[in-house]
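What follows is each chain in one-letter form.
There are 2 protein chains.
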Amino acid sequence: MTFLIIFGGQSFEHEISIVSAITLKEKIKNNNLKFVFIDQTRDFYLIEKENMKSKFFARGKFKKSQKLEIKKGGFFYKKGFLKKEEKLSFDIVINLVHGRDGEDGKIPAMLEFFGIKAISPNIEASAISYNKVLTKAYAKEIGVEVIEYEIINSPKTKFNFPVIVKPARLGSSIGVGVAKNQNELDYAFDVAREFDDLIIAEPFIEGINEYNLAGFLSDEEFIFSKIEKVEKKEYLDFEKKYLDFSRKNIMLSNIEQNFEIKIKEKFTKIYNSTFKNALIRCDFFEKDGIIYLNEINPIPGSMANYLFDNFENKLEMLAKSVTLEEKIIIDYQYINKIQMAKGK
Amino acid sequence: MTFLIIFGGQSFEHEISIVSAITLKEKIKNNNLKFVFIDQTRDFYLIEKENMKSKFFARGKFKKSQKLEIKKGGFFYKKGFLKKEEKLSFDIVINLVHGRDGEDGKIPAMLEFFGIKAISPNIEASAISYNKVLTKAYAKEIGVEVIEYEIINSPKTKFNFPVIVKPARLGSSIGVGVAKNQNELDYAFDVAREFDDLIIAEPFIEGINEYNLAGFLSDEEFIFSKIEKVEKKEYLDFEKKYLDFSRKNIMLSNIEQNFEIKIKEKFTKIYNSTFKNALIRCDFFEKDGIIYLNEINPIPGSMANYLFDNFENKLEMLAKSVTLEEKIIIDYQYINKIQMAKGK
Chain A
106 MTFLIIFGGQ SFEHEISIVS AITLKEKIKN NNLKFVFIDQ TRDFYLIEKE NMKSKFFARG
166 KFKKSQKLEI KKGGFFYKKG FLKKEEKLSF DIVINLVHGR DGEDGKIPAM LEFFGIKAIS
226 PNIEASAISY NKVLTKAYAK EIGVEVIEYE IINSPKTKFN FPVIVKPARL GSSIGVGVAK
286 NQNELDYAFD VAREFDDLII AEPFIEGINE YNLAGFLSDE EFIFSKIEKV EKKEYLDFEK
346 KYLDFSRKNI MLSNIEQNFE IKIKEKFTKI YNSTFKNALI RCDFFEKDGI IYLNEINPIP
406 GSMANYLFDN FENKLEMLAK SVTLEEKIII DYQYINKIQM AKGK
Chain B
106 MTFLIIFGGQ SFEHEISIVS AITLKEKIKN NNLKFVFIDQ TRDFYLIEKE NMKSKFFARG
166 KFKKSQKLEI KKGGFFYKKG FLKKEEKLSF DIVINLVHGR DGEDGKIPAM LEFFGIKAIS
226 PNIEASAISY NKVLTKAYAK EIGVEVIEYE IINSPKTKFN FPVIVKPARL GSSIGVGVAK
286 NQNELDYAFD VAREFDDLII AEPFIEGINE YNLAGFLSDE EFIFSKIEKV EKKEYLDFEK
346 KYLDFSRKNI MLSNIEQNFE IKIKEKFTKI YNSTFKNALI RCDFFEKDGI IYLNEINPIP
406 GSMANYLFDN FENKLEMLAK SVTLEEKIII DYQYINKIQM AKGK
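Same order as they appear, the protein sequences are chains A and B.
My numbering puts the first residue of the first sequence at 106, with every later residue one more than the last.
My numbering puts the first residue of the second sequence at 106, with every later residue one more than the last.
Since the hints were derived computationally from the structure, they do not count as laboratory data.
Everything numeric in this text was worked out from a predicted model, so none of it was measured.
It is possible that some hints are incorrect.
Mimicking DSS-like on lysine-lysine, the simulated pairs with C-alpha atoms at most 27 Å apart in a straight line are [as the list claims (entries may be wrong)]:
1. A:188 - A:130
2. B:432 - B:176
3. B:371 - B:392
4. A:132 - A:166
5. A:192 - B:158
6. A:177 - A:425
7. A:188 - B:172
8. B:158 - A:447
9. B:160 - B:132
10. B:263 - A:371
11. A:169 - B:177
12. B:371 - A:189
Label-pair restraints from in silico Cβ distances [claimed, not checked]:
13. A:259 - B:414: 49 to 59 Å
14. A:253 - B:130: 47 to 57 Å
15. A:148 - B:261: 46 to 56 Å
16. A:185 - B:296: 53 to 63 Å
Beta carbons are placed, not taken as given, at the ideal position from N, Cα and C, and that holds for glycine.
Bound conformation, chain A alone (with noise of 0.2 Å):
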């Protein structure tokens, strides 16, 4: 199977999708690959799996790959002195575009719409992901437990302090600040503010517990990833969190066997056929025996291959499951209707 990894993007975490996309390289031996690079103009490259090196992107050096141009059926390029177009051969993408452009909907959409068949969430289950006010709602509305929180428009919040300060529509942490009083919460306010107009505040909870579970559905099969407790100080910040990006140790939870039931229960509430096609990762908080969804990473970083056994059967399981939207077909007998009914 050859998958097609697209990667880049206008986001504020198009860095991490370099490393992502990197990191998979790595992590798909036995399956051929292919990658798209989306700089930041938005143009599309096709480059080398020799060249798949940050260095290489940072200092503009793919600027001289093979441009592409996505159209209806896939991705296509022009060959040789004729300016031939060709189209470029694979079986499947794998977004992993991170943040805006791969998890607002634009990419999702883009493939949706020229036919083209892709391990990605589709256009609703980024929006949902994509804003944390919508994840909530989602979240209550199909009877999963969040973190109460407000939206606030000025540096107040009803909560006491502590108090965590995000943007409602970035992922990785970026522009999360946490305030110990109403100088830190000015200032967080602040910086969200430069993210996003929309801002929420939520209770800074002492102990909480989280927990890290991927999966997905093939063919009405739910796979499972092992399951993750995070151990972290205070808060992590971005830096934090993705300077140790390719960390190679990570912490799994032994956790009793109710508590593992209870957690997949609640993945699988989230995932239903909202995020059919995609591989995500639900982060979960855990206090006092109850369980509340954090956030859904529809595309996890380098997508949490470090969490599955076998990561590379799992993703080939996934390929082989993926769908398009069924077709409509439109017989124009509503204008022949209105044809008829004008005498014409």
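Following the hints, position chain B against chain A.
What follows is chain B alone, placed relative to chain A:
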């Protein structure tokens, strides 16, 4: 100003969109208009104004029109013997693709990705409006009442008959049915399942009033349409609603000022920054003085022109206030930091 009206699409409302575009042609006199048709295979065609007749589409004559491609910066066509690529000139797009493709976020996503300004809901606004479960979740989150409902996985509901059964993800009343007994519910459920795998049921409330209000935000100021009171028998199905499409006499409600203020307040809450760049129509229910959001039409039929005084002028106001997303600057600081940390 030149408006480029995009219509058609791989949608159950493909034909409605054609009629909608033809209607709009009649309503816009002082500005220039261009028309781009998306056929059911998702090819783009530039349609000459004089060909904007429903027969032209129903009989497949559009296939001889100039083909277009959507790419970074706009729509392009090949000109002359040398097939020189030319860019179609216009000021702003009006996304008039109703239902799938247009209102589910696909076309909004592509327009945003390719940097094309448009009067259109964005991806998030589309996702919220397109799925009735999300619409309700969103409304509750921002403090707007909705009619209670439940997601049904079988023809069973906790509500007493009659109930309304709806596919969650379609507009224009397609697949919607009213059931007065269990037999009818079985049937309505099967019909709804033809269109979506997510089905909801709502109680049918006797004597409920329906009011429609359209509007948009232009430079921090809300521009509202007149309020329409919808007079209807039992339930308007798809055909009744649309064979009646070109209705000239609409009932404008003669309502008290207090009620008007309340309904506009609801509209403002719903619209906020989420629906920026879109002209939307909110359909409200009223019973015993309480106003409920029924649904959000982010691309109302013919842009709800019949509800506005001086419609063309209003459309220009909106067009002038449309913005694209802010650009994100990518400077590879993060990758450079990793490189430095590695000592390379």
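Each hint, compared with the structure:
1. At roughly 30 Å between alpha-carbon atoms, residue 188 (chain A) and residue 130 (chain A) are farther apart than 27 Å, so this suggested pair is violated.
2. Distance hint between residue 432 (chain B) and residue 176 (chain B) is fulfilled; the C-alpha atoms sit about 18 Å from each other, no more than 27 Å.
3. In summary, the hint linking residue 371 (chain B) to residue 392 (chain B) is supported, as the alpha carbons are separated by about 15 Å, within the 27 Å threshold.
4. At most 27 Å may separate the alpha-carbon atoms for a hinted pair to count; residue 132 (chain A) and residue 166 (chain A) meet this at roughly 24 Å.
5. In summary, the hint linking residue 192 (chain A) to residue 158 (chain B) is not supported, as the alpha carbons are separated by about 36 Å, beyond the 27 Å threshold.
6. Pair hint residue 177 (chain A) plus residue 425 (chain A) holds up; C-alpha atoms about 21 Å apart against a cutoff of 27 Å.
7. Our distance criterion of 27 Å between C-alpha atoms is met by residue 188 (chain A) and residue 172 (chain B), whose separation comes to about 20 Å.
8. A distance of roughly 13 Å separates the Cα atoms of residue 158 (chain B) and residue 447 (chain A); the hinted pair therefore holds under the 27 Å criterion.
9. For the proposed pair residue 160 (chain B) and residue 132 (chain B), the alpha carbon gap of about 20 Å is at most 27 Å, so the pair holds.
10. About 24 Å separates the Cα atoms of residue 263 (chain B) and residue 371 (chain A), which keeps this hinted pair within 27 Å; it holds.
11. The suggested pairing of residue 169 (chain A) with residue 177 (chain B) holds, with an alpha-carbon distance near 19 Å, which does not exceed 27 Å.
12. Between residue 371 (chain B) and residue 189 (chain A) the alpha-carbon distance is near 55 Å, which puts this suggested pair outside the 27 Å criterion.
13. As the Cβ distance of residue 259 (chain A) to residue 414 (chain B) is approximately 36 Å, the hint placing it in 49 to 59 Å is violated.
14. As the Cβ distance of residue 253 (chain A) to residue 130 (chain B) is approximately 50 Å, the hint placing it in 47 to 57 Å holds.
15. Against the hinted window of 46 to 56 Å, the Cβ-Cβ separation of residue 148 (chain A) and residue 261 (chain B) comes to about 53 Å, which satisfies the hint.
16. Separated by about 54 Å at the C-beta atoms, residue 185 (chain A) and residue 296 (chain B) satisfy the suggested range of 53 to 63 Å.
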